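Trainee: Here is how the chains run, residue by residue.
2 protein chains.
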Amino acid sequence: MNVARLLVLVLFAMAGCRCIAQTSGPPLAVRQVPAKSLPVPTDVSPGMQAVIAAPLRTGWDVLWKTGGEWRAAANDAAAKTIETLPAMRERLHVTVKPSTINGVKVYVVTPDAIPTEHRDKLLIHVHGGCYELSPGEAGTPEAIMMAGLGHFKVISVDYRMPPDAYFPSALDDAMTVYEAALKTSNPKNVAVFGTSAGGALVLEMMLRAKQLGLKMPGAIAPGTPMSDVTKTGDSFYTNEMVDNVLVSRDGFCDAATTVYAHGHDLKDPLLSPVYGDMHGFPPAILSTGTRDLLLSNTVRVHRRLRQAGVEAELEVYEGQSHAQYSRDDRLPETKEAFGEITAFFDKHLGH
Amino acid sequence: MNVARLLVLVLFAMAGCRCIAQTSGPPLAVRQVPAKSLPVPTDVSPGMQAVIAAPLRTGWDVLWKTGGEWRAAANDAAAKTIETLPAMRERLHVTVKPSTINGVKVYVVTPDAIPTEHRDKLLIHVHGGCYELSPGEAGTPEAIMMAGLGHFKVISVDYRMPPDAYFPSALDDAMTVYEAALKTSNPKNVAVFGTSAGGALVLEMMLRAKQLGLKMPGAIAPGTPMSDVTKTGDSFYTNEMVDNVLVSRDGFCDAATTVYAHGHDLKDPLLSPVYGDMHGFPPAILSTGTRDLLLSNTVRVHRRLRQAGVEAELEVYEGQSHAQYSRDDRLPETKEAFGEITAFFDKHLGH
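Respectively, the protein sequence lines represent chains Z and U.
Okay, so the first sequence: first residue is 1 according to UniProt numbering, each after it adds one.
Okay, so the second sequence: first residue is 1 according to UniProt numbering, each after it adds one.
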């Protein structure tokens, strides 16, 4: 192909904003979207503008292939996260203590002041990180935010990860903590929350609890859940290279999940809970952002919940990529997101 | 510039997926997103797949400049819509009769069967079309769907449009009908709904009702509201050339709205209601889609409502562009969307 012809094709691809109809059966017509420049939204706080303006996550396209490689990468990232925690705990007036529950490592996160109506409530937190990242204390930031901004006691599950254990180890560990909680608390006073892989784990826990005939908690808050790890979901395409956290459906998070799945069918609802039967789930509040690579997989869960007759609220935050509502506890958008979850828990727990 | 150099630049623009940081003050860093191909989502109904696969709206970039030009274009489009209405009315078992209320043209849309609990309820419909399109009977499809799928009596306002009248004529006419409804119905039994410009008008009506000290209705359903006509809202950029209905913030709908505004300040909350004070608004259900050019301007209204303490639900439909939840009454997604609105009205009306 000569250069001039290639140029014509490339320019056509960039400028071509009409659909290309393929009338001879599947795949259906593909829409060609030209290259574009996205300004930083002006209708969010200055702090959130900085978060949105940040470049694509460093290493988004580094695709480790073994549990050992992921653990090394996770430990490097965790060290940096852990450095930020003492100041955050101080800002939010919470104490974090490591413990174990029936052999599972946890962190007990306690706010200095717990209002009377929250003293019989217990939140279980399942951290995110593509089933591979945020080991140990690095998994606690979201739990610290929930405890500090919502004034609840939180138990954060430090579930096993590769190379120590593979699917369904994270779910097993989270269930161990949930079952223990059912013995000490009225299930109606328990909520379970988490973001990304943590959001998926919250949904997977409900599916497993149904299988086991366990009581449901009073409410759940699955934040931008990795509810479909088969690369199905329209925002995997529309928000590719738009989301500066996950970046691409073929990026680090997919690679990490594949290692955790360890050959297990990715469409199993215990890995892709959007395919699970959600009848009987407790009231749920979901959070995502307009630039989130998992926007579709959050709204799809919302639809499945509603179709199953579950009371489910959806919050979508302007301009945010994956999980940026929990990026910095000092931003008004973070306070807003945890405020919504707190209000939802206050409405539904204890009833 | 020689061809080879241009090719290099073009290829760079397509492949460049890193942010360009501009450290010397505003504008903030702009994200460069390469050209991409969007497959049709597989996780929606075949009928909705066809809607999503359709090419960009014909004439999306035809920017008429006068009310007269818009009226001619609107009449052409309306004739095609009106052809489809008899079959739709028959499918949905509704009757449509033209009438006037205090000088304002309306269509009274009545389902053949109205359940007992809906007999004292009245819905007011404000059609969309960028304040310029869908005159006369062409404005009734959404009212027919709501009446037929939800089994409510609906009054659809055929408000004046350019060149007969300009801002705030649409709002004035909708208010005339609303005030008349308050005299015959308990406000708690009245709901107001509409999509796009109709969704904005619903919000504008609530702002105007507050100004006038009128009672609020029992519930509202502003669908993907044109809540900000100043081109602010992140999805004006992220979903540009992705949404096959509105297509671009610089497309036909912006041009039409500018003609309607007739020189009035576009940031006036009676044109851009996202800037209005929403305290005291009635419970609201909002609908949009992940590809909607107005995704941001729907979720921003949701946030403003929630910040004002209003009970507000958000529904986001997978893969849909602007207002595609009301494109075809035969699709399961349409039934789902109107089912959500019906359930919301059933929950809130009469209380």
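Simulated from the structure, these hints should not be mistaken for laboratory data.
Honestly, I wouldn't trust all of these hints.
[Unchecked claim] Chain U is faced by these chain Z residues, among others (derived, beta-carbon under 10 angstroms):
#, residue
1, PRO39
2, VAL40
3, PRO41
4, ALA53
5, GLU179
6, LEU212
7, TYR237
8, GLU240
9, VAL242
10, ASN244
11, THR290
12, SER296
13, ARG306
[To be verified] Cut-off 30 angstroms, straight-line C-alpha distance, at most; resulting in silico cross-link-like pairs (BS3-like, lysine-lysine):
#, chain 1, residue 1, chain 2, residue 2
14, Z, LYS347, Z, LYS153
15, Z, LYS215, U, LYS183
16, U, LYS65, Z, LYS335
17, Z, LYS347, U, LYS347
[What the hints assert, rightly or not] Pairwise CB distance ranges (calculated):
#, chain 1, residue 1, chain 2, residue 2, range
18, Z, ASP277, U, THR100, 24 to 32 angstroms
19, Z, ALA113, U, ASP172, 33 to 41 angstroms
20, Z, GLY280, U, SER37, 49 to 57 angstroms
21, U, ALA343, Z, LYS65, 43 to 51 angstroms
22, Z, LYS347, U, THR42, 32 to 40 angstroms
23, U, HIS351, Z, SER45, 17 to 25 angstroms
24, U, SER45, Z, GLY280, 51 to 59 angstroms
25, Z, VAL62, U, ASP172, 56 to 64 angstroms
26, U, LYS97, Z, GLY280, 23 to 31 angstroms
27, U, GLU90, Z, ASP120, 39 to 47 angstroms
28, Z, ASP277, U, ARG119, 31 to 39 angstroms
29, U, THR42, Z, ASP277, 19 to 27 angstroms
30, Z, ASP250, U, SER99, 53 to 61 angstroms
Every value quoted in this text rests on a predicted model; they were computed, and no experiment measured them.
Glycine included, each C-beta is placed from N, C-alpha and C at the ideal position.
Trainee: Among the hints numbered above, which are violated by the structure, and what are their numbers in rising order?
Mentor: As far as the earlier hints go, 5, 6, 15, 16, 18, 19, 20, 23, 24, 26 and 27 are violated by this structure, in ascending order.
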